Amino acid sequence: MLRSETIAVAMSGGVDSSTVAAMLCAEGRNVIGLTMQLWNQRRLTGHEGMPESVQGRCCSIDDVYDARRVAETLGIPYYVVNHEERFERDVVRPFVEEYLAGRTPIPCSLCNNHLKFDQLLIVAQQIGADKIATGHYAQVAFDECHERWLLKRPADRSKDQTYFLFGLTQEQLSRTLFPLGGMTKPEVRELARKHGLVIAEKPDSQEICFVPGGDYKRFLEAYLSEQGDKPPEIAGEMVTSGGQVIGEHAGVHNFTVGQRKGLGVATGSPLYVIQIKNDTRQVVVGKDEELYSRTLRARRVNMISTSELREPKRVAVKIRHKHQPAPAMIESAGPDEVRVTFDEPQRAITPGQAAVFYDGDIVVGGGWIENSTQ
Amino acid sequence: MRRVYLDNNATTPVLPEVLEAMRPYFGERFGNASSIHHHGQETRAAVERARESVAALLGCRASEVVFTSGGTEADNLAIFGLARPGDHVITSTIEHHAVLNACKHLAASGCEVTYVPVDGRGLVDPADVKGALRPNTKLITIMFANNETGVVQPVAEIGKIAAEADVYFHTDAVQAAGKIPVDVNQIGCDLLTISGHKFHGPQGVGALYVRKGTPLAPMLHGGSHERARRAGTENVPGIVGLGKAAELAAAGLERGDDLKMAAARDHLEKELLAIEATGLNCEGAPRVPNTTNIYFDGIEGEALVIALDLKGLAVSTGAACSSGAIEPSHVLLAMGLRPERAKASIRFSLGKQNTPDDVNFTLGLVPETVARLRELSPLWPKSAVST
Numbered sequence: 001m002l003r004s005e006t007i008a009v010a011m012s013g014g015v016d017s018s019t020v021a022a023m024l025c026a027e028g029r030n031v032i033g034l035t036m037q038l039w040n041q042r043r044l045t046g047h048e049g050m051p052e053s054v055q056g057r058c059c060s061i062d063d064v065y066d067a068r069r070v071a072e073t074l075g076i077p078y079y080v081v082n083h084e085e086r087f088e089r090d091v092v093r094p095f096v097e098e099y100l101a102g103r104t105p106i107p108c109s110l111c112n113n114h115l116k117f118d119q120l121l122i123v124a125q126q127i128g129a130d131k132i133a134t135g136h137y138a139q140v141a142f143d144e145c146h147e148r149w150l151l152k153r154p155a156d157r158s159k160d161q162t163y164f165l166f167g168l169t170q171e172q173l174s175r176t177l178f179p180l181g182g183m184t185k186p187e188v189r190e191l192a193r194k195h196g197l198v199i200a201e202k203p204d205s206q207e208i209c210f211v212p213g214g215d216y217k218r219f220l221e222a223y224l225s226e227q228g229d230k231p232p233e234i235a236g237e238m239v240t241s242g243g244q245v246i247g248e249h250a251g252v253h254n255f256t257v258g259q260r261k262g263l264g265v266a267t268g269s270p271l272y273v274i275q276i277k278n279d280t281r282q283v284v285v286g287k288d289e290e291l292y293s294r295t296l297r298a299r300r301v302n303m304i305s306t307s308e309l310r311e312p313k314r315v316a317v318k319i320r321h322k323h324q325p326a327p328a329m330i331e332s333a334g335p336d337e338v339r340v341t342f343d344e345p346q347r348a349i350t351p352g353q354a355a356v357f358y359d360g361d362i363v364v365g366g367g368w369i370e371n372s373t374q
Numbered sequence: 001m002r003r004v005y006l007d008n009n010a011t012t013p014v015l016p017e018v019l020e021a022m023r024p025y026f027g028e029r030f031g032n033a034s035s036i037h038h039h040g041q042e043t044r045a046a047v048e049r050a051r052e053s054v055a056a057l058l059g060c061r062a063s064e065v066v067f068t069s070g071g072t073e074a075d076n077l078a079i080f081g082l083a084r085p086g087d088h089v090i091t092s093t094i095e096h097h098a099v100l101n102a103c104k105h106l107a108a109s110g111c112e113v114t115y116v117p118v119d120g121r122g123l124v125d126p127a128d129v130k131g132a133l134r135p136n137t138k139l140i141t142i143m144f145a146n147n148e149t150g151v152v153q154p155v156a157e158i159g160k161i162a163a164e165a166d167v168y169f170h171t172d173a174v175q176a177a178g179k180i181p182v183d184v185n186q187i188g189c190d191l192l193t194i195s196g197h198k199f200h201g202p203q204g205v206g207a208l209y210v211r212k213g214t215p216l217a218p219m220l221h222g223g224s225h226e227r228a229r230r231a232g233t234e235n236v237p238g239i240v241g242l243g244k245a246a247e248l249a250a251a252g253l254e255r256g257d258d259l260k261m262a263a264a265r266d267h268l269e270k271e272l273l274a275i276e277a278t279g280l281n282c283e284g285a286p287r288v289p290n291t292t293n294i295y296f297d298g299i300e301g302e303a304l305v306i307a308l309d310l311k312g313l314a315v316s317t318g319a320a321c322s323s324g325a326i327e328p329s330h331v332l333l334a335m336g337l338r339p340e341r342a343k344a345s346i347r348f349s350l351g352k353q354n355t356p357d358d359v360n361f362t363l364g365l366v367p368e369t370v371a372r373l374r375e376l377s378p379l380w381p382k383s384a385v386s387t
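If you read the protein sequences in the order shown, they are chains A and B.
Its first residue numbered 1, the first sequence is counted upward by one per residue in my numbering.
Its first residue numbered 1, the second sequence is counted upward by one per residue in my numbering.
The hints are simulated quantities; they were obtained by calculation from the structure and are not laboratory data.
As the structure is a computational prediction, the values presented were derived from the model and not from experiment.
Positions of the beta carbon are idealized from the N, C-alpha and C atoms, including for glycine.
Just to be clear, a hint being listed does not mean it is correct.
[To be verified] Derived coverage of chain A by chain B (criterion: at least 3 residues anywhere in the stretch with Cβ under 8 Å from a Cβ of chain B; other residues may be distant):
hint, region
1, 76-89
2, 321-331
[Unchecked claim] What follows is a list of derived Cβ distance ranges for each label pair:
hint, chain 1, residue 1, chain 2, residue 2, range
3, A, D62, B, H37, 42 to 50 Å
4, A, S4, B, R3, 56 to 64 Å
5, A, R43, B, L363, 34 to 42 Å
6, B, A217, A, R43, 43 to 51 Å
7, B, R121, A, R42, 32 to 40 Å
8, B, A371, A, H321, 51 to 59 Å
9, A, G213, B, M219, 45 to 53 Å
10, A, S4, B, L363, 47 to 55 Å
[Said to hold, decoys possible] Below, computed lysine-lysine pairings styled on DSSO-like, alpha-carbon distance capped at 30 Å:
hint, chain 1, residue 1, chain 2, residue 2
11, A, K131, B, K270
12, A, K185, A, K230
13, B, K104, A, K230
14, A, K217, A, K194
15, A, K230, A, K194
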């Protein structure tokens, strides 16, 4: 890698991305700090009981100040770029629509695909940076044999973020650095301290950046109220897998496959949401064993380690962020569609989440879960 | 790296003479201007001399000048000092946020506010102002020159309308003072805002002209400073700097500095407009001599500002929000520009410190940077010319 390369670092004001900037500076690279302004945290204040303001999260003024102070410490140019419009179009609206359609979305992946590794990369190129670097825990490598850029799991498995990065294209991977891929979180904090960064002790952020306190139901209601949209008709029946109506519910967005609490029905044995039917707005509930499925269909698939799936392939598939990848066969099921067949039935396969395919440490590809079948 | 600063509508560097004038008031002349002893008398005299200099720049009496912490405070004092619940206020869609957000606050606390539009050149039509008058109209607040486009509004005509209707007229002259002649009697305004740092004075000091007899209620309550219109110990070094800057600005206008400035701006503008698919925002409107606002189709203004800054040229687009991110200009949108074009617009604003060489540096940098951005832009049709 050329020392003269200019690298734009996506800085959130947190420990990880700040340390990335410090590492690249220490290597003598030309570093430019960029923060994406994605969401006005005060925007929904006053709608449907949203809290006054949200501190210490993505796009909060405090985080921008932190990022700016780190940039000053490192002596690098730093800019905030405004991508609020596109964030709302490509992340927030789909997030709302997915919930209203009875699915459980992952906005972070959408943000990675449409903002961080798309818009930010364009801005980076326009201002003269050859690559971008982020604080994600993941690794990029080039497979000389197959001439493919690979996405790999990081050294610190507990921090693995590859699940959210399955949508990266070859072009995006070729212009991306993940300098933390070989480090553990404690090592990163230690390095931040060593570089004298003010944010070294800042706690990790976990939640969805635009949803205060993780209360996505309140967010949906506030957003719809702000838009002046009447919440669409989302109430419906609660039924058993046998089709028996056992109650009513106020909206499909209140439910996630596998959910047990807050169903509003009382029966002898524990009941779980096993399916949300978009067309009839029925929430199907059943026993724990009814939550297990062996196959799923993934759409809008992005392949990474190979350009296409010519024949069935044995992989391990992860169906939610905290899921242990499970052995499965994947095979093509049409353009950009893949059928996944697990060796063992998996619990609570949830439409709207991602199915990401792993071959050891290598991310083969991934797609969005459309449905599952027993 | 060589750095050229063409963002003088955001702020200007303090001129050396201004700094020299201020210096003693950070040191040996430290008195509180309200004190009765020698030290207080010394600074009181300096404050009053500065008041006379500001009055001379604006064509008013010294007793009609109230010093404030800047343009925003002066705008707020004018608006909140007069408007009461039940009153009607007329403003425009292109005001600075110091006026717009003050009016928004008024509207939320029992006042009615009318926002008159602007035409495609960025000009308010005085007939619209007249048409907006109501029996309960208390105040018209319309800016003298716009900060983003430099367009000079027909304030004298609006002043006549206000006088005929017996309505108070405030004008935010922050971008006009020091750049073009500003005379409160020619304008016929009752209140007028200026800010020191927009014409080579220091930041953190401004003034509000308040026509004698205007019943202005103070916003800050405390001592009886500034004839009980603005409590708080005077910012003596700042006020002295503002006075010196006003003196220098008046002398400059006397010498015809504004014409020289306009010539430099026109040269810059003509050469920039030679780049394909560009255009002048506010074509055909009268403007202050230092400002030009140009759209470069197919680029994001934000990326151009950053790319130019990394090469040493400071310019700007739109207004920055609290995080420092750029928002599409409400002024250009109000003129009817489509959002992509508003976002592709850049403001170049000259100051007294700029040299012909600064203009040449700019002309050497902008065309190639615009070309590179367009090459990488998803908005720019490859191998085609947008019209």
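Verification of the hints:
1. Only residues whose C-beta sits within less than 8 Å of a C-beta in chain B count toward coverage, and the region 76-89 of chain A has 6 of them, enough to reach three; the restraint holds.
2. Given as covered by chain B, the region 321-331 of chain A fails the check, having 0 residues with a CB less than 8 Å from a CB of that chain where 3 are the minimum.
3. A hinted range of 42 to 50 Å for the beta carbons of D62 of chain A and H37 of chain B is consistent with their spacing of about 46 Å.
4. At about 22 Å, the beta-carbon gap between S4 of chain A and R3 of chain B misses the expected band of 56 to 64 Å.
5. At about 40 Å, the beta-carbon gap between R43 of chain A and L363 of chain B stays in the expected band of 34 to 42 Å.
6. Under the hint 43 to 51 Å, the C-beta atoms of A217 of chain B and R43 of chain A, about 33 Å apart, miss the expected range.
7. Against the hinted window of 32 to 40 Å, the Cβ-Cβ separation of R121 of chain B and R42 of chain A comes to about 34 Å, which satisfies the hint.
8. The hint said 51 to 59 Å for the Cβ distance between A371 of chain B and H321 of chain A, and at roughly 43 Å that hint is violated.
9. Hint check: G213 of chain A to M219 of chain B, Cβ distance near 37 Å, so the stated range 45 to 53 Å is violated.
10. In this structure the hint that S4 of chain A and L363 of chain B lie 47 to 55 Å apart at CB is violated, the actual value being about 27 Å.
11. At roughly 36 Å between alpha-carbon atoms, K131 of chain A and K270 of chain B are farther apart than 30 Å, so this suggested pair is violated.
12. For the hint linking K185 of chain A to K230 of chain A, the alpha-carbon distance of about 44 Å lies beyond 30 Å, and the restraint is violated.
13. For the proposed pair K104 of chain B and K230 of chain A, the alpha carbon gap of about 27 Å is at most 30 Å, so the pair holds.
14. Among the hinted pairs, K217 of chain A with K194 of chain A is inconsistent with the structure: their alpha-carbon atoms are about 41 Å apart, more than 30 Å.
15. Between K230 of chain A and K194 of chain A the alpha-carbon distance is near 53 Å, which puts this suggested pair outside the 30 Å criterion.
The structure fails hints 2, 4, 6, 8, 9, 10, 11, 12, 14, 15 (numbered hints given earlier, in ascending order).
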